[in-house]
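Asks: Listed below are the residues making up each chain.
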Amino acid sequence: MFYDVRYVKTRSLTISLENGRVDKVKCDESNGKAFRVLKNGFWGFYSTSAEISDDEGIRKAEENAKGKGRSRISEVEVRSGRFVLKPKIDPADVSIEEKVRLMRDVEKALRDDFIVSTRVVYIENVRIFEYMDSLGVEVFYEVPRTGMIVQAVAKGETLQFYSKRILKPAGYEIFGDNVFEIAEEVRNVLGGLIKARSPPSGKMNVVVDPSLGGVFIHEAFGHAVEADHVMQGSSVVADKIGKKVANESVNVYDDPTLREFGFYPFDDEGVKAEKKVIIENGVLKSFLHSRETSAMLNGKPGNARAQDLDFPIVRMSNTFIGEGDMSFEELLEEAKNGVYLVGSRGGETNPATGYFQFNAQFGYIVRNGELAEMIRDVSLSGNTLEILKDIKLGRGLKFNPGFCGKSGQLVPVADGSPPAFIKALVGGA
Amino acid sequence: MNEIIRYLDRNADAWEIYCERSKSKSISIEKGEIKLIESSEDVDYAVRVIVNGTVGFATSSNLSIDLCERAIKIAKISEEKLKELPEGKKAEVEGVYDAKVEKVNSDWLLESAEILINSAREVGNVNPAQGYVEVSVDEIKLINSCGADLEEKLTFCEAFLECVIEDSSALEFDQSRTSKLDLEFVGRRSAELALESLKAEKIEKGRYDIVLSPIAIHELLSNALYPAFFAENVAKRRSPLTELGRQYIGEITIVDDGAIPYGLMSFSFDDEGVNPKETIVFEGGVLKSYITDFRHALEIGIEPTGNGLRGEDLYPVTSPTNVVLEFDDVSDDIEDDAIVVHALIGAHTSNPVSGDFSLECMNAFLVKNGDRKAVKSAMIYGNVYGLLRNVEVFGKDVRQIENTVAPSIRFGDVVVSC
Chain D
2 MFYDVRYVKT
12 RSLTISLENG
22 RVDKVKCDES
32 NGKAFRVLKN
42 GFWGFYSTSA
52 EISDDEGIRK
62 AEENAKGKGR
72 SRISEVEVRS
82 GRFVLKPKID
92 PADVSIEEKV
102 RLMRDVEKAL
112 RDDFIVSTRV
122 VYIENVRIFE
132 YMDSLGVEVF
142 YEVPRTGMIV
152 QAVAKGETLQ
162 FYSKRILKPA
172 GYEIFGDNVF
182 EIAEEVRNVL
192 GGLIKARSPP
202 SGKMNVVVDP
212 SLGGVFIHEA
222 FGHAVEADHV
232 MQGSSVVADK
242 IGKKVANESV
252 NVYDDPTLRE
262 FGFYPFDDEG
272 VKAEKKVIIE
282 NGVLKSFLHS
292 RETSAMLNGK
302 PGNARAQDLD
312 FPIVRMSNTF
322 IGEGDMSFEE
332 LLEEAKNGVY
342 LVGSRGGETN
352 PATGYFQFNA
362 QFGYIVRNGE
372 LAEMIRDVSL
382 SGNTLEILKD
392 IKLGRGLKFN
402 PGFCGKSGQL
412 VPVADGSPPA
422 FIKALVGGA
Chain F
411 MNEIIRYLDR
421 NADAWEIYCE
431 RSKSKSISIE
441 KGEIKLIESS
451 EDVDYAVRVI
461 VNGTVGFATS
471 SNLSIDLCER
481 AIKIAKISEE
491 KLKELPEGKK
501 AEVEGVYDAK
511 VEKVNSDWLL
521 ESAEILINSA
531 REVGNVNPAQ
541 GYVEVSVDEI
551 KLINSCGADL
561 EEKLTFCEAF
571 LECVIEDSSA
581 LEFDQSRTSK
591 LDLEFVGRRS
601 AELALESLKA
611 EKIEKGRYDI
621 VLSPIAIHEL
631 LSNALYPAFF
641 AENVAKRRSP
651 LTELGRQYIG
661 EITIVDDGAI
671 PYGLMSFSFD
681 DEGVNPKETI
691 VFEGGVLKSY
701 ITDFRHALEI
711 GIEPTGNGLR
721 GEDLYPVTSP
731 TNVVLEFDDV
741 SDDIEDDAIV
751 VHALIGAHTS
761 NPVSGDFSLE
771 CMNAFLVKNG
781 DRKAVKSAMI
791 YGNVYGLLRN
801 VEVFGKDVRQ
811 IENTVAPSIR
821 FGDVVVSC
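From first to last, the protein sequence lines are chains D and F. If you want this note's numbering, it's the 1-based position in the first sequence plus 1. If you want this note's numbering, it's the 1-based position in the second sequence plus 410.
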C-alpha cells in the first residue's frame with residue numbers, strides 16, 4: 002500500500018478599490034490535511050480542514066480505497082527538500098494603509114472623461130506546503146504570491162471593458178512603475194476601444210501579441226499533452242510522441258522553475274520541479290505527468306498540482322513557446338491582410354477533439370502588411386493538430402500570469418510566447 | 411462561542427458569524443474504469459463586523475478571537491458602508507435537503523458509477539473517458555447581532571460523464587438536490603451525442619437559425635447577461651442595463667426565484683439571512699428590477715432580493731439563484747432547418763459589460779427536413795441583447811442547469827463563422 006500526506010497552510014489578503022472606494026477586503030488563514038492511499042491499484046482519498054492525526058487521516062483514506070484498479074505510482078529521484086522563497090519585501094511588513102495608498106495612486110492614473118468605472122485589486126498570499134509519503138519522500142516549501150489587477154469600463158457609443166494584471170511569485174518589491182504603466186495602458190486602450198469597430202470574421206491571417214500567443218499555446222497544445230487526458234483516451238495527441246506536430250521552428254516548454262506566476266519548487270506529489278520539453282523542432286517529445294501517469298506511460302513526473310486540499314491532477318506551470326527570428330514588421334508583412342490581436346480573457350479547449358477557443362481583448366486590422374483601424378474584443382478558434390503547421394514566430398518572449406481551471410480546480414499559471422503569426426478562425430460581428 | 415460573542419459585542423457595532431460545514435463524497439471514472447473514491451469534511455468560518463459604519467471581513471478554518479480581531483482591523487481601513495445586518499428569517503422551501511444523501515456510502519457510489527459506464531456502453535462502442543458522481547451535504551449556521559440565528563442543511567448531487575470515440579467527444583450531466591440522479595440519461599446521452607458527432611462536416615459561413623440547448627443557454631447567459639442585472643454592477647456603471655422600464659430584449663420573461671421547490675439554488679435563507687423571493691427581472695423583455703445582496707440593497711435604496719450568496723471565499727456577493735426563462739410561443743418541434751448546439755466552448759470569455767460573445771460550438775448539428783448532420787468547427791457570435799431580441803420559439807425540454815431553468819431556445823438569424 003502506498004500513502005501520502007499533504008499539509009497545506011495558506012494566508013491571503015485581497016483588497017479591492019472600486020470606483021475609488023476600498024471594498025471587499027478579504028483576509029483568510031486556513032489549513033488542512035489531505036491523504037491519499039493506493040491499494041489494489043485503486044485510490045482512496047480523504048481531506049479535512051479539522052484537526053486530525055496522520056494515522057487517522059490515512060485510515061479514512063484507506064477506507065475509501067475500496068475498489069480494484071490498475072493505478073501505479075512512480076518513485077521520485079529527489080527524496081527530500083526544503084525551499085523558502087524569501088521576498089525582498091515581505092507583504093506582511095507593509096501596512097494595509099500603505100497598500101491602499103498605492104492602489105489609490107494607481108486608480109488615479111486610470112481616470113479620464115470617458116472612464117465610467119474602475120477597479121484595482123491587490124492580492125497577496127502565502128502557501129506553506131509539507132509533503133511526506135510511504136516511500137520516504139519529505140519536502141517543505143513556502144512561496145508567496147503578490148500582484149495587482151487593474152480594470153476599467155469606458156463609455157462611448159458602446160460600453161467597453163479592459164483589464165491588465167501583474168502577478169508574481171514574489172513579495173511587495175514587484176510594485177514599481179509597472180503598475181502605473183499598466184493603468185495608463187488600460188486608460189489608453191479604452192480610449193481607443195470605445196471608438197473601435199466590430200472585428201471581422203472568418204478564417205484569416207492573425208498576428209498575436211505575446212500575451213495572446215501565451216494563451217494560444219496553453220489552449221492549443223498545453224491541455225492536450227496533460228497525460229491524464231492521454232490515460233482517459235481523450236487527447237488527440239495520444240499517439241503522437243516522436244511525431245511531427247508543428248513546423249520545425251516550434252519549441253514548446255513547461256518550466257515551473259521560472260520565477261513566473263506558475264512557479265513551484267515541488268509539485269503536490271513532492272516531486273522536485275523541472276523544465277519539460279513538450280515540442281522540440283516541431284516534434285512532440287513528451288507529455289506532462291503526475292507520478293501515476295509517469296508510471297503508466299513511462300514519463301517524468303513533476304506536474305501534479307492541486308488547489309488547496311484537492312486531489313492533485315496533471316497541470317501546466319509556466320508554459321511557453323520559444324522565440325523565432327522574425328521582427329514584428331516581418332510578421333505583419335507575412336499576414337499581409339488580416340488582424341493583429343492583443344491580450345486575452347482566457348480560453349477553453351476540448352483535448353479529445355482538439356478544438357479550442359481563446360479570446361482577444363482588442364486588436365487592429367492589418368492591411369497591406371501595416372496596422373490600420375482598431376477593432377474590439379473577439380474570439381478565435383482552431384484545432385490542435387492543424388494550428389501549428391503554419392505558425393511563424395517572432396522575437397521577444399514575454400510571460401503573462403493567469404489562473405487555469407480544470408476539473409473544478411484553479412491553479413496559478415503563466416503562459417509565454419513571442420509575437421507570432423497563425424491562421425485561425427476569427428469570430429467577429 | 412460565548413467568549414467570542416462577548417468579544418464581538420464589545421468591539422463591533424454589529425457582527426455576523428457564518429459557518430459552513432461541508433461533507434462530500436465522490437467517485438471518479440477514467441476510460442471506463444472506476445479509479446478513485448474521495449471524501450472530505452471541511453469547516454469554514456467567516457466573521458463580518460461593522461465598526462463606525464464600515465465593514466470588516468475575515469475567514470478561517472478555525473473560529474477564534476484572532477479571527478475577529480482581523481475582521482475588526484480591516485473595518486478600520488474599509489470604505490464598505492453598512493448600517494446593519496439582516497434580522498434573518500427562514501422561509502419554508504421544499505426539497506433542498508434529502509436525508510438519503512447523508513447515508514451515501516462507497517457501495518452506492520460504486521454502483522452509481524457502474525450504471526453511468528454501462529448506460530454509455532449500451533449505446534455503442536464509446537469510451538466513457540472521464541466522469542464522476544458526487545454528493546455533498548452543507549450545513550449552514552448564521553448568527554448576527556441584529557437577531558438572526560439560522561440553521562439549514564442543504565444537499566446537492568451530481569453525475570457527469572464525457573464519452574469519446576475517435577476524435578469526437580460529448581459531455582452530459584445531471585444535478586439534483588436529492589440522491590435521485592438520472593444516471594442512465596447521463597450515460598446514454600453523452601454516448602449518443604459522441605456517436606452522432608462523428609464524421610462532422612464543415613458548413614458554409616453565413617446566417618442561420620440556431621437552437622441552443624439548456625446547457626448552452628446557461629453557459630452563455632450566466633456569463634454574458636446575468637452580471638448585467640446585479641444592482642451593484644448597475645450602480646458601479648459596469649452594466650448596459652441602466653433604465654428600468656425599458657425594453658432591452660425580445661418578449662421573454664426572466665425571473666430569479668430562490669424559493670422554487672427542489673430548485674438547485676433554492677434555500678430557506680440566503681447566505682446573509684435574507685428570505686428568498688421571486689424577482690421579475692424582465693417582463694416581456696422590459697427591465698423590471700435588479701437582483702442584489704443586502705449591502706447594495708441598502709446602499710441603492712431597494713428591497714433586498716435574497717441574492718447575497720457566498721462562493722469559496724465566503725464573502726457575500728450578489729449571485730443569481732434559480733433564473734427561470736419564459737416565452738409565450740412554445741413548441742415541441744423547434745429544430746428543423748436550424749443548427750442545434752449542445753454546448754459551447756469558452757463561454758467565460760464573453761464580455762459581460764458589452765454583451766458581446768464569440769464562442770466555439772461543441773456537438774452542433776445542422777438539421778434539414780428531419781435529417782441531422784454533425785457540424786465541424788463552427789463559431790457563433792454576436793451580442794447577447796441582439797440575440798435575445800431574435801428569439802423565435804421555446805422548446806418544451808425545460809431543465810435546470812446550475813442556476814438556469816430553461817428549455818432549448820431557437821434564435822433567428824445568428825452569424826456563424828466556419
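Quick caveat, the hints were computed from the structure, so don't treat them as lab data. Remember, it's a predicted structure, so these values are computed and weren't measured experimentally. Check each hint, because a few of them may be wrong.
The calculated EDC-like cross-link candidates involving lysine to aspartate or glutamate, where the alpha carbons are at most 20 Å apart (straight line), are [what the hints assert, rightly or not]: (1) F:Lys510 with F:Glu521; (2) F:Lys783 with F:Glu736; (3) F:Lys615 with F:Asp747; (4) D:Lys25 with F:Asp747; (5) F:Lys698 with F:Glu736; (6) F:Lys786 with F:Glu653; (7) D:Lys67 with F:Glu653; (8) D:Lys244 with F:Glu413; (9) D:Lys276 with D:Asp55; (10) D:Lys286 with D:Glu275; (11) F:Lys483 with D:Glu78; (12) D:Lys69 with D:Glu52; (13) F:Lys483 with D:Glu30; (14) D:Lys156 with F:Glu653; (15) D:Lys40 with D:Glu52; (16) F:Lys491 with D:Glu19; (17) F:Lys513 with D:Glu63; (18) F:Lys486 with D:Asp56; (19) D:Lys245 with F:Asp577; (20) D:Lys25 with F:Glu479; (21) F:Lys786 with F:Asp747; (22) F:Lys491 with F:Asp423; (23) D:Lys204 with D:Asp391; (24) F:Lys483 with D:Asp94; (25) F:Lys433 with D:Asp391; (26) F:Lys551 with F:Asp747; (27) D:Lys10 with F:Asp723; (28) D:Lys407 with F:Glu722; (29) F:Lys806 with F:Asp743; (30) F:Lys491 with D:Glu98; (31) F:Lys433 with D:Asp311; (32) F:Lys806 with F:Glu512; (33) D:Lys109 with D:Glu186; (34) F:Lys551 with F:Glu561.
Asks: The structure should be examined with respect to each hint, and the outcome stated for every one.
Replies: The hints, checked one at a time:
no.: 1; hint: F:Lys510 with F:Glu521; in the structure: holds, 15 Å
no.: 2; hint: F:Lys783 with F:Glu736; in the structure: violated, 29 Å
no.: 3; hint: F:Lys615 with F:Asp747; in the structure: holds, 15 Å
no.: 4; hint: D:Lys25 with F:Asp747; in the structure: violated, 49 Å
no.: 5; hint: F:Lys698 with F:Glu736; in the structure: holds, 15 Å
no.: 6; hint: F:Lys786 with F:Glu653; in the structure: violated, 41 Å
no.: 7; hint: D:Lys67 with F:Glu653; in the structure: violated, 58 Å
no.: 8; hint: D:Lys244 with F:Glu413; in the structure: violated, 67 Å
no.: 9; hint: D:Lys276 with D:Asp55; in the structure: violated, 32 Å
no.: 10; hint: D:Lys286 with D:Glu275; in the structure: holds, 15 Å
no.: 11; hint: F:Lys483 with D:Glu78; in the structure: violated, 46 Å
no.: 12; hint: D:Lys69 with D:Glu52; in the structure: violated, 30 Å
no.: 13; hint: F:Lys483 with D:Glu30; in the structure: holds, 15 Å
no.: 14; hint: D:Lys156 with F:Glu653; in the structure: holds, 16 Å
no.: 15; hint: D:Lys40 with D:Glu52; in the structure: violated, 25 Å
no.: 16; hint: F:Lys491 with D:Glu19; in the structure: holds, 13 Å
no.: 17; hint: F:Lys513 with D:Glu63; in the structure: holds, 19 Å
no.: 18; hint: F:Lys486 with D:Asp56; in the structure: violated, 43 Å
no.: 19; hint: D:Lys245 with F:Asp577; in the structure: holds, 18 Å
no.: 20; hint: D:Lys25 with F:Glu479; in the structure: holds, 17 Å
no.: 21; hint: F:Lys786 with F:Asp747; in the structure: holds, 17 Å
no.: 22; hint: F:Lys491 with F:Asp423; in the structure: holds, 13 Å
no.: 23; hint: D:Lys204 with D:Asp391; in the structure: holds, 13 Å
no.: 24; hint: F:Lys483 with D:Asp94; in the structure: holds, 15 Å
no.: 25; hint: F:Lys433 with D:Asp391; in the structure: violated, 50 Å
no.: 26; hint: F:Lys551 with F:Asp747; in the structure: violated, 52 Å
no.: 27; hint: D:Lys10 with F:Asp723; in the structure: holds, 15 Å
no.: 28; hint: D:Lys407 with F:Glu722; in the structure: holds, 16 Å
no.: 29; hint: F:Lys806 with F:Asp743; in the structure: holds, 9 Å
no.: 30; hint: F:Lys491 with D:Glu98; in the structure: holds, 18 Å
no.: 31; hint: F:Lys433 with D:Asp311; in the structure: holds, 14 Å
no.: 32; hint: F:Lys806 with F:Glu512; in the structure: violated, 34 Å
no.: 33; hint: D:Lys109 with D:Glu186; in the structure: holds, 13 Å
no.: 34; hint: F:Lys551 with F:Glu561; in the structure: holds, 5 Å
Taken one by one, the earlier hints fail for this structure at numbers 2, 4, 6, 7, 8, 9, 11, 12, 15, 18, 25, 26 and 32, listed in ascending order.
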